[in-house]
Amino acid sequence: MTVFSLKGRTALVTGARRGIGAAIAAGYAAAGADLILLARDAALEDTLEAIKQNGGGEATVVTADFAAPAAVEQVATQIARERRIDILVNNAGTIRRAPAAGTATPDWQHVIDVNLNSTWAVTRPIGAAMVQHGAGKIVTIASLLSFQGGVTVPAYTASKHAVAGLTKALANEWGAAGVQVNAIAPGYISTDNTTELRADPAREAAIRDRIPAGRWGRPEDLVGAAVFLASAASDYVNGHVLAVDGGWLAR
Numbered sequence: 003m004t005v006f007s008l009k010g011r012t013a014l015v016t017g018a019r020r021g022i023g024a025a026i027a028a029g030y031a032a033a034g035a036d037l038i039l040l041a042r043d044a045a046l047e048d049t050l051e052a053i054k055q056n057g058g059g060e061a062t063v064v065t066a067d068f069a070a071p072a073a074v075e076q077v078a079t080q081i082a083r084e085r086r087i088d089i090l091v092n093n094a095g096t097i098r099r100a101p102a103a104g105t106a107t108p109d110w111q112h113v114i115d116v117n118l119n120s121t122w123a124v125t126r127p128i129g130a131a132m133v134q135h136g137a138g139k140i141v142t143i144a145s146l147l148s149f150q151g152g153v154t155v156p157a158y159t160a161s162k163h164a165v166a167g168l169t170k171a172l173a174n175e176w177g178a179a180g181v182q183v184n185a186i187a188p189g190y191i192s193t194d195n196t197t198e199l200r201a202d203p204a205r206e207a208a209i210r211d212r213i214p215a216g217r218w219g220r221p222e223d224l225v226g227a228a229v230f231l232a233s234a235a236s237d238y239v240n241g242h243v244l245a246v247d248g249g250w251l252a253r
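Residues in the sequence shown are numbered from 3 upward in steps of one, following our numbering.
Mixed in with the good hints, there may be bad ones.
Pair ranges (Cβ atoms, derived) [to be verified]:
| hint | residue 1 | residue 2 | range |
| --- | --- | --- | --- |
| 1 | Ala-44 | Ala-103 | 30 to 40 Å |
| 2 | Ala-106 | Leu-199 | 14 to 24 Å |
| 3 | Ala-208 | Gln-111 | 23 to 33 Å |
| 4 | Pro-108 | Gln-150 | 20 to 30 Å |
Hints were generated in silico from the structure; no laboratory data involved. Quantities reported herein were computed from a predicted structural model and do not represent experimental measurements. Ideal Cβ positions, reconstructed from N, Cα and C, are used throughout, including at glycine.
Use the sequences and the hints to build the structure in full.
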């Protein structure tokens, strides 16, 4: 179905070294997009190989430290000047687990900088260019903790609530210019961020037992939603946070 095709479009994906970002990049390549991969370092060989295997076109790697939002904004601004970006996926993120009372301010700030401030640092210049062009798709990776509180992850929860709110705010401002701004809220996915949870037998079982699908998600489970929100199929979808969670929120 050509309505889901990304042929002829350029997608900027942050945090594409592995996990969800790598899966989305490979999925976009299969749908026909060219890729710019914005990552903390240039060691993206596995992602580049997956893009190649999926028949992808051009793939460029650009580096930036997401813990330094000002530097990220400089890089994003330069990309916006040099390339027309049709699709932006804000995937780069981090998590630090500790009880709220024991969370050190530097740890709080690190998570907020990576998950929220650098998302803003990329989205503002790229989104502004999309508005000028009169078209664009922005997809931010939110979380179940955009809706819930969680435990021992106060900074992560605050950041993910914030990116859900930012998604709605930007959809309101940019929708009339032909730019759709949406988010995906993954459920419990087998990635680096959930390694600690999956290593705890009791916690792993408790989480899995609550998921109606009966299993943890895989990064590839997010690809269909990401392609949908980047394609013409979602041209009248704006300001939405789409849960891809195996049914967790319905429980």
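Q: Could you work out which earlier hints the structure fails to respect and list their numbers in ascending sequence?
A: Violated: none.
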